[in-house]
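*Asks:* Chain residues, written in single-letter form:
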Amino acid sequence: MKQKPDETLDQWVRQTLSQLPDTPPPGSSFDPARLWAQLHPELQAAPVRRKIGIVWWIAAACLTGLTLSWFWMNPSPADRKTVAVQKIDRKEDVATASHPTPNWAAEVVNSKTISTEKNRPMVSLKIRSRQKQGPDQEVIPVRSKAVKAEPPAIELPAVAEVLPIIEKPVERSKPNVAATALKRRFRVVHENELQAEEEARPKLYRTEHFVRIGTGERSEPAPNENRPALRLPLTHKPNQ
Amino acid sequence: MSQQLVEQCQRGNSFAQKRLFDQYANRLFRVSLRYVRHEPEAEEVLMNGFLKAFRAISGFAYRDDNGLEAWLRRIVINEALQHLRANRHLSLFQADDETEAQPDPEPLPDTGLDAERIYALIRELPPGYRTVFNLYAIEGYTHREIAEQLRISENTSKSQLSKARALLQTWLAQNGYEAETRRNA
Numbered sequence: 001m002k003q004k005p006d007e008t009l010d011q012w013v014r015q016t017l018s019q020l021p022d023t024p025p026p027g028s029s030f031d032p033a034r035l036w037a038q039l040h041p042e043l044q045a046a047p048v049r050r051k052i053g054i055v056w057w058i059a060a061a062c063l064t065g066l067t068l069s070w071f072w073m074n075p076s077p078a079d080r081k082t083v084a085v086q087k088i089d090r091k092e093d094v095a096t097a098s099h100p101t102p103n104w105a106a107e108v109v110n111s112k113t114i115s116t117e118k119n120r121p122m123v124s125l126k127i128r129s130r131q132k133q134g135p136d137q138e139v140i141p142v143r144s145k146a147v148k149a150e151p152p153a154i155e156l157p158a159v160a161e162v163l164p165i166i167e168k169p170v171e172r173s174k175p176n177v178a179a180t181a182l183k184r185r186f187r188v189v190h191e192n193e194l195q196a197e198e199e200a201r202p203k204l205y206r207t208e209h210f211v212r213i214g215t216g217e218r219s220e221p222a223p224n225e226n227r228p229a230l231r232l233p234l235t236h237k238p239n240q
Numbered sequence: 001m002s003q004q005l006v007e008q009c010q011r012g013n014s015f016a017q018k019r020l021f022d023q024y025a026n027r028l029f030r031v032s033l034r035y036v037r038h039e040p041e042a043e044e045v046l047m048n049g050f051l052k053a054f055r056a057i058s059g060f061a062y063r064d065d066n067g068l069e070a071w072l073r074r075i076v077i078n079e080a081l082q083h084l085r086a087n088r089h090l091s092l093f094q095a096d097d098e099t100e101a102q103p104d105p106e107p108l109p110d111t112g113l114d115a116e117r118i119y120a121l122i123r124e125l126p127p128g129y130r131t132v133f134n135l136y137a138i139e140g141y142t143h144r145e146i147a148e149q150l151r152i153s154e155n156t157s158k159s160q161l162s163k164a165r166a167l168l169q170t171w172l173a174q175n176g177y178e179a180e181t182r183r184n185a
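These protein sequence lines map, in sequence, to chains A and B.
Numbered according to UniProt numbering, the first sequence spans residues 1 to 240.
Numbered according to UniProt numbering, the second sequence spans residues 1 to 185.
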């Protein structure tokens, strides 16, 4: 097959150019060493940029995790409920006479149940003892009775303190009651003191019967100045 | 030899990269200068081409030296075409009449070598002619491939090639190459 003249020219140019020496063109200022000096830092910089990018992503992920965990562990002050009322009654005389160590079985703690669960609506009445505690729970109740989370009763102003709940781990070993009592945040009141306060307070009984005076059937209403005043005490026992 | 160089380059060995660069830099600079006329631009094209080659060499399967050179050459050519497109050098495809009316090319360096004279004449072609002639006559691309690469029609590619050949033959005749070319044919 005969080649076209144009293809012949292309082939001739191709063959001629293949004879070119492996040097820059004559009169050229091309310097491979200079170009390599520019190229080498670019080759070194590329992986570093990639590493820096990965480091930034890891740092951002850690920061986000820390922030989320901080919000999870520390709720806002508005979410804290101040429902804890603690009364600790201790029979010191009996305890000190029979046991050389303090008797914790007599402690009555009326407080919010402190546990790992959040937003529990009920408040339980607990008697704390010296039993071993589990790792996950901070207070091990011996007896607990569920009561409504209501404001404390009015008749116990001397012992009632409204404090914010602070989830504080209970100390396991308490060798000295006096020493640990100083560190307590709740007022410790002996049961006898409460009993003495109740006895000192005037006893008020709830009205159980009403007596009607007169028949109640009058043709004419009695004048106001002659009407006897009937006064009934509307009191109730405060602890009922 | 080149296979070991490629393997070392694939591991990121800087010395191997330098040796590979030294081995092909001059040859590929000539390729770049055939597409991009000015030397600073050709150096920029060459540097970007080597950067891409060293970053993509981990996926290159070495067969022989010719395959390695063709791979590097293709990267540099693509980089040169990208440079031409970015700098709108290829917009001269439309100015056919003006380029044909151009005066004689610059005086060639008197090197005494036919290859250098032909190489210098090709560099003197207008950008559109030069690009199509390089791609078709020297690199072996088809008109369809050229049209895709330069985002022109196939007819434009054929027209540019025809005019490039005509202009080159005219210049060759002026430099005393006409008879020799026909005699070789």
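Calculated from the structure, these hints are not laboratory results.
Heads up, some of the hints might be wrong.
[Said to hold, decoys possible] In silico EDC-like cross-links for lysine to aspartate or glutamate, where the CA-CA straight-line distance does not exceed 16 Å:
| id | chain 1 | residue 1 | chain 2 | residue 2 |
| --- | --- | --- | --- | --- |
| 1 | B | Lys163 | A | Glu7 |
| 2 | B | Lys163 | A | Asp10 |
| 3 | B | Lys52 | B | Glu69 |
| 4 | B | Lys158 | A | Glu42 |
| 5 | B | Lys163 | A | Asp6 |
| 6 | B | Lys18 | A | Glu7 |
| 7 | B | Lys158 | A | Asp6 |
| 8 | B | Lys163 | B | Glu124 |
| 9 | B | Lys18 | B | Glu7 |
| 10 | B | Lys52 | A | Glu42 |
| 11 | B | Lys18 | A | Asp6 |
| 12 | B | Lys158 | A | Asp31 |
| 13 | B | Lys158 | B | Glu148 |
| 14 | B | Lys163 | B | Glu148 |
[Stated by the list, open to error] Cβ-Cβ distance ranges computed for the label pairs, FRET-style:
| id | chain 1 | residue 1 | chain 2 | residue 2 | range |
| --- | --- | --- | --- | --- | --- |
| 15 | B | Pro40 | A | Thr67 | 48 to 54 Å |
| 16 | B | Pro40 | A | Trp70 | 25 to 31 Å |
| 17 | A | His40 | B | Arg151 | 32 to 38 Å |
| 18 | A | Gln38 | B | Ala86 | 15 to 21 Å |
[As the list claims (entries may be wrong)] Here are some, though not all, of the chain B residues that point toward chain A, as calculated from beta-carbon distances under 7 Å:
| id | residue |
| --- | --- |
| 19 | Phe15 |
| 20 | Arg19 |
| 21 | Gln23 |
| 22 | Met47 |
| 23 | Phe54 |
| 24 | Tyr62 |
| 25 | Ala115 |
| 26 | Ile138 |
| 27 | Glu139 |
| 28 | Tyr141 |
| 29 | Arg165 |
| 30 | Ala166 |
Heads up, the beta-carbon is just placed ideally off N, CA and C, and yes, glycines get one too.
*Asks:* Which earlier hints can't be squared with this structure?
*Replies:* Checked against the structure, the hints that fail are numbers 4, 6, 11, 12, 14, 16, 19, 20, 21, 24, 27, 28, 30, while the rest are satisfied.
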